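Input sequences plus hints: build the corresponding full structure.
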Amino acid sequence: MANGGEKSSDFYAVLGLNKECTPTELRTAYKKLALRWHPDRCSASGNSKFVEEAKKRFQAIQQAYSVLSDANKRFLYDVGAYDSDDDENGMGDFLNEMAVMMSQTKSG
Amino acid sequence: MSSLFLIGDSDKKSSKSDGSNIQNSTFSKLLNFAPPFCISFHQFEVMAEPAYTVASDSETTGEEKSSSAFPEIAIGIDIGTSQCSVAIWNGSQVELLRNTRNQKLMRSYVTFKDEIPSGGVSYQLSHEHEMLSGAAIFNMKRLIGRVDTDPVVHASKSLPFLVQTLDIGVRPFIAALVNNIWRSTTPEEVLAIYLVELRVMAESRLKRPIRNVVLSIPVSFSRFQLTRIERACAMAGLHVLRLMPEPTAVALLYAQQQQQLIHDNMGSGSEKIALIFNMGAGYCDVAVTATAGGVSHIKALTGSTIGGEDFLQNMMRHLLPDYDNLFSSRGVNEIKSMGLLRVATQDAIHKLSFEESVQIDVDLGNGSRICRKVNREEFEEVNQKIFEKCESLVIQCLLDAKVQADDLTDVMVVGGCSYIPKLRNLVKSICKRELYKGMNPFEAAVSGTALEGAVASGISDPFGNLDLLTIQATPLGIGIRANGNSFVPIIPRNTTMPARKELVFTTVRDNQTEVLIVVYEGEALKAEENHLLGYFKITGLPPAPKGVPEINVCMDIDASNVLRVLAGVVLPGSQQPVVPVMEVRMPTVDDGHGWCAEALHRAYGSNLDLVTVQKK
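Chain order of the listed sequences is A and B.
In this text, residue positions in the first sequence follow the working numbering: the first is 5, and each later residue adds one.
In this text, residue positions in the second sequence follow the working numbering: the first is 2, and each later residue adds one.
There's no promise every hint is true.
Claimed, not checked - Mimicking BS3-like on lysine-lysine, the simulated pairs with C-alpha atoms at most 27 Å apart in a straight line are:
hint, chain 1, residue 1, chain 2, residue 2
1, A, K23, B, K273
2, B, K502, A, K59
3, B, K403, B, K423
4, A, K59, B, K390
5, B, K423, B, K390
6, B, K105, A, K77
7, B, K352, B, K390
8, A, K36, B, K429
Just so you know, these hints were derived from the structure itself, not from any lab.
Predicted model, so just to flag it, every value in this text is computed and none were measured.
Below, the structure written as structure tokens:
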């Protein structure tokens, strides 16, 4: 269960990149997509449905970037051990989180 | 025709200042207030209508314009504790608007002399001391949205107008001395009068009605304080498009400048990390931003209520150790002496930024006279604590942003205090860098708000000068009271906005059928030491052993910074919520909110408590 279809979305695909991309490519892609999908850039259209859609897109972009821009999280994600639920609270320190995740991978 | 018209258009996209009834009450209050304090703007207005009554006609004009091919460009306003400015994107660049006296920076005060309020936009003081006679109210930004137990309000008691506290957690009583009568007002009303002057000034410069604005605000403002700013804007007939933390406005200007550089000489497009230190008369804010391709990504924000006003008060007490005693009784003579000392001290502090020592000679008119030399070291020693606080804000911000001093590309010091040598040095030494020279420290924030105004209004520039974006972060954590009296953040500080996060809680008692969700904003571990934003109850939980029901609390902040709190209950083994999900727009609290949490506790004890669910 550790590896299967645990993620509904592929973070690399969200950013339009492949797995081998460099941190600079990652950053560039994120900023380009943000410029396009951040609700602030779309709100003036006055179309509230579109703004809502933009908000969802941007949040997906933001989540993908926040994981992939962190070398440790990206490593975990690449090996299929990244659990966004643990990250969501943003509280636990990283070592702790890593230990938990590693034990999960082993058992899985 | 143009009778009292509520500004909050409830059916429209983002009527941010929720609840027209709130505005309604403000309006009726203003009406009571209006006859003696009728504003003298008639020379600008087509009709001699009271400036507060936002005419429905001007509103519709704004509406039509925004739907036409030429959308209305929102103006940017920097409301400073001591000075204000207005700027707009003029089609090719940011331009600061000047008042009839050709000033770009205008003093922030409203004087109630002769029962007609007039503010620093239109009014020329006959002398500096006129502002300190008791008739003028200033430092609104320090007072707005604070209760009378707040230390900042207590410190404001030394201002030369009436700030009275009852120390019970309600709004302080503020009054101006008009013909020897203390006439009450509120910071919102004073700010609204001032904003009306700014609006009228901008309208006469731009020859069109102004409705949409982007305002800069201190990082440390609570959401409750933001509602007060929005209320003041609404009273002045302005619709708030965005409230931007001051250093993030500076960050946007920086992003634009970096784009321009690339445009001009093919400079490098690599990501630049900048630290912005912004200190004015009332507040000190720091931000770290990562900029590339016109996008300013705010990594971290810190801020505190310290500023030039504190430097000034510390110095006044230093020069006159008996200060508090002398001015405890607030007669007309005391106010006059206080004003004289204030002017002399302010002047000295200003000079000490450029000179090593300065001679002070001031006759306070009450038999005491201060005649002595003050040097820069003395000033720095007296304000040691403030400088230390500034240092800790910068260090904290770097830490929060997970950035080392060596990672920084540029460091800027802006705001009214930016010429104080000690401040410049401390920022330079922590950041190990010379300061950025590319922006005017007094105009940076307002220029950033004007850029945001253009971007948020959907204006595009053929040369790509407006291909800009600020990705904001939350300046304060938002969470609920749980696990006894703890504050459990759901959206932590420095989370990228828009944001949506949730956390699961459960009951503390068997067969607990109700839970109380009390929402706070802040950083303190104890719930009640944070800002209360609101509260609501979820009822009708089916009887179950404690720890079984899953209470999901979700917080959602959209791009315009509107906060919604959603709460739902599920029982294990079921996906369906057992009661309808609650959705509450926050903040919901009004004045005297300090009381509410205590009253709730008295009424319910821990009967409706929650605890966090431990991860398996």
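So, going through the hints one by one against the coordinates:
A hinted pair counts as satisfied when its Cα atoms are at most 27 Å apart, and A/K23 with B/K273 qualifies at roughly 25 Å. Straight-line distance between C-alpha atoms of B/K502 and A/K59 comes to about 14 Å, which keeps the hinted pair within the 27 Å bound. For the given pair, B/K403 sits about 26 Å from B/K423 by alpha-carbon distance, which is consistent with the 27 Å threshold. With a C-alpha separation of about 37 Å, the suggested pairing of A/K59 with B/K390 is violated against the 27 Å cut-off.
Proposed proximity of B/K423 and B/K390 is supported: the alpha carbons are some 13 Å apart, at most 27 Å. With a CA separation close to 48 Å, the supplied pair B/K105 and A/K77 exceeds the 27 Å bound. At most 27 Å may separate the alpha-carbon atoms for a hinted pair to count; B/K352 and B/K390 meet this at roughly 23 Å. A threshold of 27 Å between alpha carbons decides the hint, and for A/K36 with B/K429 the separation of about 32 Å lies outside it, so the pair is violated.
Violation of the numbered hints given earlier is confined to hints 4, 6 and 8; the remaining hints are satisfied by the structure.
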